[in-house]
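Respectively, the protein sequence lines represent chains V and C. Reminder that position 23 of the first sequence reads as 23 in my numbering, one-by-one numbering, no gaps. Reminder that position 67 of the second sequence reads as 67 in my numbering, one-by-one numbering, no gaps.
It is worth saying that the hints were derived from the structure and are not from the lab. It cannot be assumed that every hint is accurate.
What the hints assert, rightly or not - In silico SDA-like pairs for lysine to any residue, Cα to Cα no more than 25 Å straight-line:
1. V:K137 / C:D61
2. V:K137 / C:W8
3. V:K137 / C:S46
To be verified - Quick partial rundown of chain C residues pointing at chain V, CB under 8 Å, derived from the structure:
4. F6
5. A7
6. W8
7. A49
8. Q57
9. F62
10. A64
11. S65
12. G68
13. A69
14. P77
15. M78
16. G80
Beta carbons: idealized from backbone N, C-alpha and C, even for Gly.
Below are the chains, spelled out letter by letter.
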Amino acid sequence: MRVSVQETPFDLGRESAEFAAGRSDMGAVVTFTGIVRDLPDDPLEAMEIEHYPGMTEAALHDIASQAMARFSLGDALVIHRYGRLAPGEMIMMVATAAPHRNDAFAGASFLMDYLKSRAPFWKREITAQGAAWVAAKSEDEDALARW
Amino acid sequence: MDVLYFAWVRERIGLPRERVETQAATVADLVTELRAREDRYDLAFSDLAALRVAVDQKLTDFDASLEGAREVAFFPPMTGG
Numbered sequence: 001m002r003v004s005v006q007e008t009p010f011d012l013g014r015e016s017a018e019f020a021a022g023r024s025d026m027g028a029v030v031t032f033t034g035i036v037r038d039l040p041d042d043p044l045e046a047m048e049i050e051h052y053p054g055m056t057e058a059a060l061h062d063i064a065s066q067a068m069a070r071f072s073l074g075d076a077l078v079i080h081r082y083g084r085l086a087p088g089e090m091i092m093m094v095a096t097a098a099p100h101r102n103d104a105f106a107g108a109s110f111l112m113d114y115l116k117s118r119a120p121f122w123k124r125e126i127t128a129q130g131a132a133w134v135a136a137k138s139e140d141e142d143a144l145a146r147w
Numbered sequence: 001m002d003v004l005y006f007a008w009v010r011e012r013i014g015l016p017r018e019r020v021e022t023q024a025a026t027v028a029d030l031v032t033e034l035r036a037r038e039d040r041y042d043l044a045f046s047d048l049a050a051l052r053v054a055v056d057q058k059l060t061d062f063d064a065s066l067e068g069a070r071e072v073a074f075f076p077p078m079t080g081g
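Starting from the given sequences, assemble the full structure and let the hints guide the process.
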């Protein structure tokens with residue numbers, strides 16, 4: 001299991017390939033990547049991501065440990081960036097490995113649901129109109145209820 | 001103890017962290033003390049439903065005890081992922 005909170009970009013191909021390599025007991029690997037999405041009506045200049053150093057790493061380790069135990073994962077990877085990102089840049093990725101696909105998919109989904117509202121990151125969108133903090137969505141909070 | 005502020009809470013209060021000498025027993029008591037300081041604190045803490053709190057880097061609620069706490073952080077609901 002690995003957690004990385006970093007300002008620098010990551011190489012999705014390399015991270016995915018290294019994660020999937022050398023585990024003959026794991027029949028399924030799922031990866032999810034989050035990308036800075038442009039706004040159709042108000043073009044995005046940048047997204048700024050603030051975080052809580054120390055707590056962020058601890059929260060991600062905790063969430064990943066829960067996913068490992070709950071879905072019997074063989075391995076899990078969480079990479080999450082902070083700082084200023086341009087539209088189209090990769091914000092974060094998760095990867096899960098399990099003997100079978102259902103656990104790998106469910107584990108990745110669980111990780112994403114908890115990352116959304118239990119990891120201390122805050123997004124701010126910067127457009128020509130100014131800067132605005134992204135409000136948390138009630139459906140993101142509701143999504144935790146299914147676990 | 002150290003009190004930290006993130007995102008729009010940091011912007012409204014105007015600083016990311018400060019050292020606070022307090023005898024507050026709970027997070028709610030600390031909030032009451034901070035609100036009494038100045039308008040910018042009062043404004044930042046005017047709607048507790050819009051805030052989250054962590055004590056020593058663990059999410060908790062406003063009823064939580066501050067006994068032995070070294071660090072309290074206030075911030076809006078998180079938007080990771």
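To test your reading of the hints: which numbers does this structure violate? Result: hints 7, 9, 10, 11, 12 and 13 break, sorted rising.
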